[in-house]
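**Q** Residue numbers for the sequence shown follow the numbering used here, beginning at 523 and rising by one.
Just so you know, the hints here were simulated from the structure itself, not pulled from any lab data.
A few of these clues could be false.
[Stated by the list, open to error] No more than 30 Å apart at the CA atoms, straight line, and that leaves these computed lysine-lysine pairs for DSS-like:
#1 K601 x K615
#2 K615 x K600
#3 K596 x K535
#4 K596 x K615
#5 K568 x K596
#6 K615 x K535
#7 K553 x K535
#8 K568 x K600
#9 K568 x K535
#10 K568 x K553
#11 K553 x K596
#12 K615 x K568
#13 K615 x K553
#14 K600 x K553
#15 K568 x K601
For clarity, every value in this text was computed on a predicted model and none was experimentally measured.
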Amino acid sequence: MMVNTICFSGFDKHFIDYFSRPEIDGWEVRKALTELHDYDVIPDPKVVEAALRACRRVNDLALCVRFLEAIKIKCGSKKNREIIYNYVINEVKPVLTELGIPTPEELGYDQPEFFIPQPDYWWEKK
523 MMVNTICFSG FDKHFIDYFS RPEIDGWEVR KALTELHDYD VIPDPKVVEA ALRACRRVND
583 LALCVRFLEA IKIKCGSKKN REIIYNYVIN EVKPVLTELG IPTPEELGYD QPEFFIPQPD
643 YWWEKK
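Start from the sequences, fold in the hints, and give me the full structure.
**A** Quick look at the structure:
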């Protein structure tokens, strides 16, 4: 069994270098994002910037938004999302603006589209 090992100091450099390759194509971007998502870490903002630039280089806006959603989900609890996810978004905001990438919140993806709360039907009436 082969174990994929990347030392912590080279972790960010590995992904930044991979995403920064000019000849990268859509399949390789997805492969790298999947590999990055498999690690139990929230990527550094520099890695997020490189990934977003790679996604835009292959002209895949949807992948950018899905990547940001994945980061939000990896942050865990609502309290952690407010702290960590907002930190990451604030750090990469200039890149998002430069590349014209909206956040999932700007697109309304943070709220369910067709959810209508009906508390009368949540529990059995006695």
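**Q** State for each hint whether it applies.
**A** Here's how the hints hold up against the structure:
no. : hint        : verdict
1   : K601 x K615 : holds (21 Å)
2   : K615 x K600 : holds (21 Å)
3   : K596 x K535 : holds (21 Å)
4   : K596 x K615 : holds (19 Å)
5   : K568 x K596 : holds (17 Å)
6   : K615 x K535 : holds (21 Å)
7   : K553 x K535 : holds (17 Å)
8   : K568 x K600 : holds (24 Å)
9   : K568 x K535 : holds (9 Å)
10  : K568 x K553 : holds (18 Å)
11  : K553 x K596 : holds (18 Å)
12  : K615 x K568 : holds (12 Å)
13  : K615 x K553 : holds (24 Å)
14  : K600 x K553 : holds (28 Å)
15  : K568 x K601 : holds (23 Å)
Taken one by one, the earlier hints all hold for this structure without exception.
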